[in-house]
Each structure stands twice: as C-alpha cells, then as structure tokens.
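**Student:** Below are the chains, spelled out letter by letter.
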Amino acid sequence: GENVEQHPSTLSVQEGDSAVIKCTYSDSASNYFPWYKQELGKGPQLIIDIRSNVGEKKDQRIAVTLNKTAKHFSLHITETQPEDSAVYFCATRGTDKLIFGTGTRLQVFP
Amino acid sequence: DVKVTQSSRYLVKRTGEKVFLECVQDMDHENMFWYRQDPGLGLRLIYFSYDVKMKEKGDIPEGYSVSREKKERFSLILESASTNQTSMYLCASSFIRGQRSTEAFFGQGTRLTVV
Numbered sequence: 032g033e034n035v036e037q038h039p040s041t042l043s044v045q046e047g048d049s050a051v052i053k054c055t056y057s058d059s060a061s062n063y064f065p066w067y068k069q070e071l072g073k074g075p076q077l078i079i080d081i082r083s084n085v086g087e088k089k090d091q092r093i094a095v096t097l098n099k100t101a102k103h104f105s106l107h108i109t110e111t112q113p114e115d116s117a118v119y120f121c122a123t124r125g126t127d128k129l130i131f132g133t134g135t136r137l138q139v140f141p
Numbered sequence: 420d421v422k423v424t425q426s427s428r429y430l431v432k433r434t435g436e437k438v439f440l441e442c443v444q445d446m447d448h449e450n451m452f453w454y455r456q457d458p459g460l461g462l463r464l465i466y467f468s469y470d471v472k473m474k475e476k477g478d479i480p481e482g483y484s485v486s487r488e489k490k491e492r493f494s495l496i497l498e499s500a501s502t503n504q505t506s507m508y509l510c511a512s513s514f515i516r517g518q519r520s521t522e523a524f525f526g527q528g529t530r531l532t533v534v
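Protein chains in written order, with my numbering: chain Y, 32 to 141; chain W, 420 to 534.
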C-alpha cells in the first residue's frame, strides 16, 4: 500500500544552524506534498507544501525540495530558532487522503 | 478564522465503555478525517468522509466506527473501548477543489486514556 518513510526521528541543532528532514514515498501517483508542524499540545498545522510540477519552493526560512524520479522530498529550515522546536510531519496525497510520515522531533538549543 | 473543534482535550474511559469523540468544523468542508497519533507511528488514518452520510475506511478502522449526519460534524465511536485504543485522536477537514482535496486543517486533539 501507500507508504511514507521519514528520517530522522529526532534532530537536535544549535540555534542558527540548518535542519533537514527527508521523506520517501512509494505511490508514484502522489502529486501533493505538504509539511506540517505540531507544537506541544496542539494539532498539526501546515507550514509549506509543494506540488509535483514544481521542484523547489521557499518561504522565508523554510524550503521544500522534491525529486519525483527518486520519490523523495525534503524540508530545509535555515537559521533555526528555539520556536522552531516541534514535531514535523511530511505527507503525500494518495487518492483523496493524506498519508503521513512518522514524524521528526526537532529540538533547537539556544 | 479556520476552526476545527474537538469536544474534549482529555478523556478517561473504562474498558468496555462506548466512547464518542466529536468534531465540528466551521469551514463548510466536504472532507473530514479521523487520525490517531502514537509515538513512532505518526498519524494513522482511521476513517474519513467526503460527504454527509458517506464514510470510507482508512488504514486502521478495526474497533472504530464513524457517523456523519451533518456536513459540519464527524463523530468517532469506539464501540467497546480497549486499552490498546489509548492514544491521541486528531480530527481534520479539507475541501475539494477541482476534484482534489486541499490543505487539511486539524483540531487540537483528544487524548484518550482507557483504563
């Protein structure tokens, strides 16, 4: 069935450094790739998404890259800040539902 | 402002009880979803609905059922709660644009403990 693998499961960085989270998917029909951020005690919230006709998208300090041939996509956060600390989920859209990765807990130390 | 509201933040229920988790969205979205979130397993889809009175099984429907009598409300039902259903439950909704669903909006989650 449809599957999304996400790595790493935990990531610790120093404030100001960059963080990269990678996901690999199995369904070649996937055409929408969102990233969600979940802060403590809250539901996940969309932070950036990319569609299959685009290779890269950037929004201030966050960017997402997509390699459809290799079936993987990545989230890049530059100049990390303590408020970036959260759990991040990648997802792909299979038919009409989202399939989520297992999540990455990012900790940014001041 | 977009809003998905889950009726309870925390619930404690006994084994064998029938449990109702309620979710309401105010965005007139067609699609609604129930996920459960467990450490190391991410978000797993239990059931979803793309219209009133319509429902589709997700990846882990066993032990659950759902009800969608009105467009804005989607209920998750645990017919006979068991300890392995202790988890965080997340409701989400999205609308359809051009045959494809768009961004999903999540509620704040219900942490259910079955004792």
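Check before you lean on any hint, since a few could be wrong.
Unchecked claim - Mimicking DSSO-like on lysine-lysine, the simulated pairs with C-alpha atoms at most 30 Å apart in a straight line are:
| hint | chain 1 | residue 1 | chain 2 | residue 2 |
| --- | --- | --- | --- | --- |
| 1 | W | K476 | Y | K99 |
| 2 | Y | K89 | W | K422 |
| 3 | Y | K89 | W | K489 |
| 4 | W | K489 | Y | K73 |
| 5 | Y | K68 | Y | K53 |
| 6 | W | K422 | Y | K88 |
| 7 | Y | K102 | Y | K53 |
| 8 | Y | K73 | W | K437 |
| 9 | W | K476 | W | K489 |
| 10 | W | K422 | Y | K68 |
| 11 | W | K472 | Y | K73 |
| 12 | Y | K102 | W | K437 |
| 13 | W | K422 | W | K472 |
| 14 | Y | K73 | W | K474 |
| 15 | Y | K68 | W | K490 |
| 16 | W | K422 | Y | K99 |
| 17 | Y | K102 | W | K489 |
| 18 | Y | K73 | W | K432 |
| 19 | Y | K88 | Y | K102 |
Unchecked claim - Computed, partial: chain W to chain Y, Cβ under 8 Å:
| hint | residue |
| --- | --- |
| 20 | G459 |
| 21 | L464 |
| 22 | V471 |
| 23 | A523 |
| 24 | G526 |
| 25 | G528 |
What the hints assert, rightly or not - Heads up, incomplete: computed chain W residues facing chain Y, CB under 10 Å, no partners named:
| hint | residue |
| --- | --- |
| 26 | F439 |
| 27 | Q456 |
| 28 | G477 |
| 29 | L509 |
| 30 | T521 |
| 31 | F524 |
None of these hints come from the bench; they were simulated from the model. Note that the Cβ used here is the ideal one computed from N, Cα and C, for glycine as well.
**Student:** Measure nothing beyond the straight line between the CA atoms of Y/K102 and W/K489; if it is 30 Å or shorter, mark the hint as holding.
**Tutor:** Distance of about 38 Å is beyond 30 Å: violated.
**Student:** Given the proposed pairing of W/K422 with W/K472, does the C-alpha separation stay at or below 30 Å?
**Tutor:** holds, 22 Å
**Student:** Assess, step by step, whether the Cα of Y/K73 is no farther than 30 Å from the Cα of W/K474, and give holds or violated.
**Tutor:** The hint holds at about 26 Å.
**Student:** Check the hint pairing Y/K102 with Y/K53 against an upper bound of 30 Å on the C-alpha distance.
**Tutor:** holds, 11 Å
**Student:** For the hint on W/Q456, just tell me whether its beta-carbon gets within less than 10 Å of chain Y.
**Tutor:** Nearest chain Y Cβ about 8 Å off; hint holds.
**Student:** Does W/K437 sit within 30 Å of Y/K102, going by the straight-line distance between their CA atoms?
**Tutor:** Status violated; Cα separation ~42 Å.
**Student:** With the threshold set at 30 Å, check whether the alpha-carbon distance from W/K422 to Y/K88 stays at or below it.
**Tutor:** holds, 27 Å
**Student:** Checking hints one by one. Is W/T521 an interface residue toward chain Y, by the C-beta closer than 10 Å rule?
**Tutor:** holds, 9 Å
**Student:** Given the hinted pair Y/K73 and W/K432, is their Cα-Cα distance within 30 Å?
**Tutor:** Between Y/K73 and W/K432 the Cα gap is close to 22 Å, so the pair holds against 30 Å.
**Student:** Does the nearest C-beta of chain Y fall within a distance shorter than 8 Å of the C-beta of W/A523?
**Tutor:** holds, 6 Å
**Student:** Compare the distance between the alpha carbons of Y/K73 and W/K437 with 30 Å, and conclude whether the hinted pair is satisfied.
**Tutor:** Holds. Y/K73 to W/K437 sits at ~26 Å (cutoff 30 Å).
**Student:** So, W/G526 near chain Y? Judge it on the closest CB pair being under 8 Å.
**Tutor:** holds, 5 Å
Checked against the numbered hints given earlier, this structure breaks hints 3, 12, 16, 17, 22 and 26; the rest are met.
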